[in-house]
Amino acid sequence: MESVNLKVSNAPFVRSNDSIESVMYNVALALAPATVMSVYLFGMKALILTVFSILSCIGFEWLMDKARKKPNSCLDGSALVTGLLLALNVPANLPLWMVFIGAFIAIVASKHVFGGLGFNVFNPALVARVFLLISFPAAMTSWPVPMPFSFDVAIDMETAATPLGILKTEGLETVAASFSLMDGLLGNMNGSLGETSALALLAGAAWLWYKKYITMHIPLTLIGSVFLFTALFHLIDPGTYASPMFHMLTGGLVLGAFFMATDMVTSPLSIRGQLIFGLGCGLLTAVIRLWGGYPEGISFAILIMNSFVPLIDRWDLNDRKALQQKKQTTS
Amino acid sequence: MKTFKIGGIHPPESKFTENLAIEKMPVPAELAIPMNQHLGKPAKPVVKLGSEVKKGDLIGAADGFISANVHASTSGKVKGIKSLPHPSGQYAMTVLLTADGKDEWAEGLNTEPVNWRDLSKEDIIGRVKNAGIVGMGGAGFPTNVKLSPPPDKKIDTIILNGAECEPFLTADHRLMLESPDEVIAGLEIIASLFGERVKAFIGIESNKQDAIDTLSRKASPKGIEVVSLKTKYPQGAEKQLINAITGRTIEAGELPFDKGCLVQNIGTAVAVYEAVCKNKPLVDRIVTVSGLEIGKPKNIRAVIGTRFSDITAFCGEPKAGTNQVISGGPMMGKALFTLDVPVTKTTSGILFINNSSIEKARERTCIRCGKCVEVCPQGLAPWLLANVAQLRDFDEIQLLGLANCTECGSCTYVCPSRRELVHWIKYAKALVNKRQKRKSA
Amino acid sequence: MISEAFIPAVTSLGTVALVLGCIIFYVSKKFHVEEDPTVLIVNDILPGVNCGACGYPSCGQFAEVLVETRDSSMSCPVGGPDLAEKLGTTLGISMAEPKPITAVLLCQGNNDNARETAQYFGIQDCWAATQTYIGPKQCKYSCIGLGSCIAFCDFGAMRLENGLVVIDKDLCTGCGACIPACPTGVLVMQEKKAERYFIACNSHDKGADTKKACDAGCIACRKCVKVCEDDAIVIEDFLARIDQEKCTACGKCIEVCPAKVNCILLERDLEDVKQKVAS
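Residue numbers (the working numbering), protein chains in the order written: chain A, 373 to 703; chain B, 5 to 445; chain C, 22 to 300.
Mixed in with the good hints there might be a few duds.
Said to hold, decoys possible - Quick list of in silico lysine to aspartate or glutamate cross-link-like pairs, EDC-like style, CA-CA up to 20 Å:
hint	chain 1	residue 1	chain 2	residue 2
1	C	Lys120	C	Glu288
2	B	Lys263	B	Asp156
3	A	Lys379	B	Asp127
4	A	Lys698	B	Asp107
5	C	Lys161	B	Asp344
6	A	Lys442	B	Glu367
7	C	Lys233	C	Glu137
8	B	Lys203	B	Glu229
9	B	Lys338	C	Glu137
10	A	Lys693	B	Glu378
11	C	Lys233	B	Asp344
12	B	Lys52	B	Asp67
13	A	Lys583	B	Glu258
14	C	Lys232	C	Glu257
15	B	Lys58	B	Glu34
16	B	Lys150	B	Glu116
17	B	Lys86	C	Glu288
18	A	Lys379	B	Glu297
By construction, these hints were calculated from the structure, which means they are not laboratory data.
Given these sequences and hints, build the entire structure.
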C-alpha cells in the first residue's frame with residue numbers, strides 16, 4: 373500500500389457516536405410524546421402548526437447559513453428542535469403567519485445574529501414565544517379548548533383562558549371548580565400545544581435523562597423551588613394562593629423545566645452554576661405567577677436567567693483559575 | 005474494585021487479540037534502529053558504517069543523564085547511519101542493520117538466570133542502565149533514572165501498571181498470562197531497591213480477570229497485592245493509577261516520587277528481570293498488531309527496529325479500507341505518514357483502522373454540553389482551554405491549568421461537536437514551551 | 022393634557038443631564054493630563070496600525086520616543102520615505118530614509134513541485150501540523166501551506182495559492198509580523214529592490230534528498246557559484262545564498278540552474294526604482 377493513502381490526524385482515533393445531530397434528534401424524539409398528545413387533544417390544526425413551524429425554522433436556518441457563507445447546518449437538528457419547541461409554546465389556533473414571524477425571530481434574530489448555534493445567549497424558541505406574546509397578545513392568549521380526535525380543520529375551536537389565566541383574572545375559586553389534577557397530568561385543559569400534558573413531557577424527559585443528554589440539576593431545583601415557594605404562600609393563605617400541585621401541572625412548567633431551561637447552549641456548565649440557574653428560574657417563575665402582570669412566568673424567568681449565564685460562567689472561570697494557582701503555588 | 009475519582013470514559017474495548025498467544029516474529033533482512041527511543045537526549049551512535057555487530061552489542065551510547073543505551077537487535081552489518089522516519093512522525097538518526105540471519109548473541113549476554121538476591125543495589129541499577137531499559141508503556145522514561153530518585157524522596161509504594169486501558173492493546177495482558185513469574189520477579193527486584201517496608205501492587209483492569217487470577221495466585225505468597233481496577237479509561241495513566249490504588253493525587257509540577265510512589269509498566273518489569281538475571285539488553289518487545297483492517301490480528305514478539313512494512317507481511321496485508329495506521333493505542337497513539345517506520349522500545353501496538361470520521365469531520369462550534377468537563381480525569385475545562393488556545397492567549401491558558409493536562413484524549417472522544425480539543429491543547433503546550441525557551445534564551 | 026406628562030419628564034431628565042455634565046466637566050479639569058501637542062501631531066501622521074515593525078509595541082509609543090529623543094535614525098518601515106519626509110518637516114530634523122523591505126518566501130514547493138507525504142486532517146495550522154508529523158510535504162524546510170502567517174498580516178498582503186503562501190509585494194509593508202508565525206522559517210525579510218535575484222529554497226538537506234522531495238529544490242550543485250562574476254553567491258549547509266549587497270542583477274545564475282523548476286527567482290519589487298535605474 374502506498375503511503376499517500378495514509379491520512380494523518382491527531383489522537384484519539386476513536387470517537388464516541390455522539391454528535392450535534394444525535395443530541396438534537398434525541399431531544400426531538402423526547403418531545404414526540406407531547407407532540408402526539410397535543411395532536412390528539414387539539415386535532416389537525418395542531419399538526420399543521422407543528423409541521424409548519426418546523427419547516428419555517430429549517431428554512432430560515434438554511435437561508436442564514438447561505439447568507440453567512442457557513443457550511444450548511446439546516447439539517448443538524450437544532451432548527452428542528454427550535455421549531456418543535458416553538459410550536460409547543462403557542463396556542464393551536466394561532467394564525468400561521470404569526471408562526472412564520474416567530475420562526476424568523478427564533479432563528480434569525482435570536483440565534484444567527486449572535487453567531488449561530490452555540491453562541492446564542494437566549495433560548496431561541498422562548499424569545500420567539502415572548503416576542504409573539506407581546507406583539508399579538510390577543511391571539512397568543514386565546515387558548516383553544518381541547519377537543520380530542522377533532523381532525524376537521526374547518527371547525528372553529530372554542531377558546532378560553534388557561535387555568536393560570538383564570539386564576540389571575542377570576543381568582544382561585546373559579547379555577548378550583550373546573551380543574552382536577554388528573555386533567556393536568558393528562559393535559560385535558562386549555563393551553564399551548566405542549567404545556568398541557570405533563571405525563572407525556574415527563575416520559576420524554578426521562579428518556580433524555582436515561583440517555584444522559586440532560587442532567588436533573590436544573591429541572592429539579594427549578595420545580596422544587598417553585599413548589600416550595602408556592603407551598604409556603606398556600607400555607608399562609610390558602611384562600612388566595614393556589615396549591616403547589618396546581619402550579620406544578622399548569623402553565624408549561626414541566627416543558628420549561630425539562631426542555632427549555634436545560635438547553636445546553638443557554639444554561640451554565642458547572643453543577644453549581646446549574647443549581648443557581650434552576651433556583652433563579654424557579655423563584656422568578658413563582659414571583660411572576662403570584663404577583664406579576666402575566667399569568668404565566670416560566671418563559672420570562674428562563675430568559676432573565678439566560679442573561680445571567682455568562683456571569684455565572686465567569687464566576688466558575690475565576691474559581692478555576694484561583695484553584696489552579698493554589699495548586700501551582702503549593703507544589 | 006478501585007478506580008480514580010473524577011472523570012473517565014469507557015470506549016469500546018475492542019480487545020480482539022486477548023486470547024491469541026504471543027508469536028515470535030522472524031528477524032527481517034534489514035533493521036532500522038533509531039537512536040531516540042526514549043525521553044531525553046538521543047543516544048550517540050558508536051558503530052561505523054560497515055562494522056560487524058552481534059546481537060546485544062551496544063550501537064548507541066546514552067548521552068547525558070536522561071538518555072538510554074541502544075543495542076543491536078540481531079547480528080549483522082551496519083549498512084548506514086542516517087536520518088529516517090520515526091514513529092513519532094518526525095525524522096530521527098537511525099542505524100540501519102543488515103541481518104546475517106544467524107541471530108547470534110554477543111559474548112556474556114542472555115545467559116542462564118542468576119539469583120538477583122546475590123547482587124548489590126548498584127549492580128542492579130547498573131545492569132538496568134546498561135541494558136538500555138526505558139518505560140515501555142509509551143513515554144519511554146529511562147528506567148535506571150526512575151529507579152534512583154533523589155535521596156530525600158522516600159518511596160513507599162511501588163505499582164506495576166497492568167491496567168492496559170487503551171482499546172485494542174493486549175500486549176501487557178498476554179505478557180501477564182504467559183510470563184507471570186518474570187513479571188513478579190521483576191517487581192520484586194524493583195521493590196528490593198527501596199528497602200523492606202515498601203508495599204508492592206499490581207493494578208489490573210477487571211476486564212482481564214484471567215490475568216488477575218493468575219497473578220494473584222503467584223503474587224500473594226510474596227506479599228504483593230493484585231488490585232482489580234474498574235475498566236475505565238484512562239485507568240492506566242500514571243496519575244490516575246496512583247490515585248486509584250493509593251488515593252493520593254499528583255498535582256501539576258509534581259512527579260510520582262513526590263508522593264512516595266513509583267509506577268512501572270508490565271513490560272518494563274519483565275525487561276528488568278531479564279536484564280538483571282540474564283544480562284539481556286532490551287532488544288525486543290511484545291507488540292499488538294490489531295485493528296479492523298489487518299488480515300490476521302496478532303500479539304507478536306518483534307525485535308526493535310523491525311519495520312512496520314515487514315510486520316504487515318507477517319500479519320497479512322492491510323485491507324483496502326485502511327486509511328490510518330497508528331503506532332500505540334487509539335486514544336494516545338500517533339498516526340503514521342509512512343509504513344517505513346520501525347518498532348521502538350515504546351511501540352505497544354500497531355493498529356490498522358478505517359477512520360471514516362476524519363474526512364467528513366470538521367470542527368463545529370461548541371454547544372456547551374459540558375461533557376468534556378464531566379470526563380476530564382484532571383478536573384480541567386477542555387473546551388475553555390481549546391477556546392483560549394484558538395485565540396492564542398498563552399498567558400490566560402496557563403492560568404487555566406494547561407500544565408495539568410495529561411493529553412489522555414477523553415474530552416475529544418466525547419465531544420459531540422467533534423472539536424480537536426486535545427490537539428488544540430497540545431498546540432498550546434508546544435507554543436508555550438517555545439515562548440518560555442525564547443524568554444530564557 | 023400633553024404638557025402634564027411632558028413637563029415633569031423634560032425637567033427631571035434635563036436636571037439629571039445638567040448635574041452629570043457638571044460632574045464630567047469638573048472631573049476632566051481636575052484629572053487633566055498634560056500632553057505634548059507634537060506627540061499628538063506625530064501620532065496622527067503615523068499609519069496607526071500598531072504593527073510593531075519599528076520595535077515599539079504601538080505607533081503612540083513610537084511617537085512619544087521620537088518626539089522626546091528626536092533621533093533621526095528612527096524609522097517606520099510601513100510609512101516609507103514619504104512618511105520620513107513628513108516626520109522630518111514636523112520635527113525640524115532630517116530623518117534617515119528607511120530602506121523598504123518586504124517579506125519573501127524562500128520556497129517554490131507548491132502542489133506541483135513538492136512531493137507529498139500523507140494527507141493532514143488535524144487542525145488547520147502550520148504549527149499543529151508540524152507537531153503531528155513532518156508535515157504534508159516531504160521537505161521539512163518547506164512552506165507547510167496551511168497559512169498560519171496569513172492571520173498575522175495586518176495589511177492583507179498574503180494569500181494561499183496552490184499550497185504555498187503568496188506575498189503581494191505592493192501591499193507588504195515589511196512589518197515582519199508574519200516571520201515568527203512560521204514554524205519552518207521559510208519566510209524572511211529582504212530589502213525591496215528593482216530586480217532581486219534570490220534562491221527560492223530553504224532546504225538544508227543533501228542534494229539527493231532535496232531532489233527526491235521537490236522539483237524546485239536547491240541541490241547545492243555550485244553551478245551558480247561558478248558563473249557569478251560578483252562573488253555574490255555562497256553555499257552554506259547545502260544551500261546557495263545570494264548576497265544582495267554584492268549582486269548586480271546580471272541574471273547569469275538563472276540560466277545555469279539545473280533544477281527541473283529553476284530554484285533561482287527574479288522578482289521586481291519596485292517598479293519606480295527600476296525605472297530610475299534604467300534611466
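Here is how each hint holds up against the structure:
1. C:Lys120 x C:Glu288: Satisfied, since the Cα-Cα distance of roughly 17 Å is no more than 20 Å.
2. B:Lys263 x B:Asp156: Holds, at roughly 12 Å.
3. A:Lys379 x B:Asp127: Cα-Cα ~47 Å, so violated.
4. A:Lys698 x B:Asp107: It is violated: about 56 Å lies between the C-alpha atoms, which goes past 20 Å.
5. C:Lys161 x B:Asp344: Holds - the C-alpha atoms of aspartate 344 (chain B) and lysine 161 (chain C) are around 17 Å apart, at most 20 Å.
6. A:Lys442 x B:Glu367: Given pair lysine 442 (chain A), glutamate 367 (chain B) holds - Cα atoms ~13 Å apart, limit 20 Å.
7. C:Lys233 x C:Glu137: holds, 11 Å
8. B:Lys203 x B:Glu229: Roughly 8 Å separates the two Cα atoms, so the pair holds.
9. B:Lys338 x C:Glu137: holds, 19 Å
10. A:Lys693 x B:Glu378: holds, 18 Å
11. C:Lys233 x B:Asp344: OK: lysine 233 (chain C) and aspartate 344 (chain B) at ~16 Å, within 20 Å.
12. B:Lys52 x B:Asp67: holds, 17 Å
13. A:Lys583 x B:Glu258: violated, 38 Å
14. C:Lys232 x C:Glu257: holds, 17 Å
15. B:Lys58 x B:Glu34: holds, 14 Å
16. B:Lys150 x B:Glu116: violated, 27 Å
17. B:Lys86 x C:Glu288: Measuring from Cα to Cα gives roughly 37 Å; hence the hint is violated.
18. A:Lys379 x B:Glu297: holds, 14 Å
In terms of the numbered hints stated before, the structure departs from hints 3, 4, 13, 16, 17, listed from lowest to highest.
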